[in-house]
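Single-letter residue listing:
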Amino acid sequence: GAVVSQHPSRVICKSGTSVKIECRSLDFQATTMFWYRQFPKQSLMLMATSNEGSKATYEQGVEKDKFLINHASLTLSTLTVTSAHPEDSSFYICSASGTGSPNQPQHFGDGTRLSIL
Amino acid sequence: EDQVTQSPEALRLQEGESSSLNCSYTVSGLRGLFWYRQDPGKGPEFLFTLYSAGEEKEKERLKATLTKKESFLHITAPKPEDSATYLCAVRSNDYKLSFGAGTTVTVRA
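Chains as they are written, first to last, in our numbering: chain G, 1 to 117; chain H, 1 to 109.
Rather than coming from a laboratory, the hints here were simulated on the basis of the structure. There are no misleading hints in this set.
Derived DSS-like pairs: lysine-lysine, alpha-carbon spacing no greater than 27 Å straight-line: (1) G:20 with H:96; (2) G:41 with H:63; (3) G:66 with H:96; (4) G:64 with G:14; (5) G:41 with H:59; (6) G:41 with G:20.
Computed from a prediction, not measured in an experiment: that's the story for all the values here.
One chain only, chain H, in its complex shape (with noise of 0.2 Å):
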């Protein structure tokens, strides 16, 4: 069974402290590993995907990472509209995502 596990539960940073959130993961066939972005009340907002290890993607102040057990999700220099919950999923091959619980990102100005 895939499994997804995201670190920490909850980030609360500085405006401008970047730090790093982590996705651990196991999964039968890697067809990717994907970061959204979810805001209270709304649906996840794609972000990233990564497929293979050593892979990077960077949107704004955010940068995604993967090796073959997990992925980074590095925040630059993070604003208070950067507060948000991060999730991970994996997709394996029968192409269901499994989901971590998220990482609930708060940024005070």
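With the rest of the complex left out, here is chain G (with noise of 0.2 Å):
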């Protein structure tokens, strides 16, 4: 239990492109979604909380005009980087709690390697 897919794994584009990374949560429903950052050898770091139905929480620092989060139904959310330059090269994560207690596990998705050339 407790599958979180993310969507695609790896990503190879030029600068400039807008890049969708979708996130579904398969066997459960998810009100609150995260999206992290992750760079080589480094902690995840929490870019944004999305709550269905709701705008996204940017954390400080993160542009929310250039890291899009939509979380439009219970099971998926979706982050798209915006005009995608190669510092926004990185690992993104996201994770999915279910509806009941606040205190559950986080689950993560596998992960998106993105690239810009």
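Build the complex from these two chains, which are given one at a time in their own frames, with help from the hints.
In structure tokens form, the structure reads like this:
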């Protein structure tokens, strides 16, 4: 149980392209989904928290116009990196928590490796 | 601000050689300490949640313990398949997770 699917697993594209990443909870409903960014040999850094049907809450220093988040249903959240540049290259990971107790663990997708040329 | 520090940064073990990983934390209102395993190029895989000092959880060769300031992940008689990066995270009153940088464990046969 508690499977989170993230797609695509890898993207290579040219500078200036917008890239959409999908995060789905496959066997549970997720009121809240989280988007993280991870640099090599570093910790996961929270970018934003998205709640179904409402606007995402972004962490300090994360550009909301650059990283567009949509959480239209209890099983799907999307992250769109707009006009991506080489400095946006990173490993992006989503996670989801179920609709029960807020103390439930977050379950993670397998991440998306984004490479901007 | 919540802080999580993991040590050591890397650990090389011989198969069968038991050891412990440390996670020290400061948090405003602990709502859970979480251990995850992360394999290269993958997302973190949930292992344990600990909520209060004195609590212990076990899963196969792994055992997690919690005090008011730190948590330990004990690996008993590790096998090569236990090689991974182990991440510790704390959740505070705002329900966000703060992660440590992880301990990369390599178990040689």
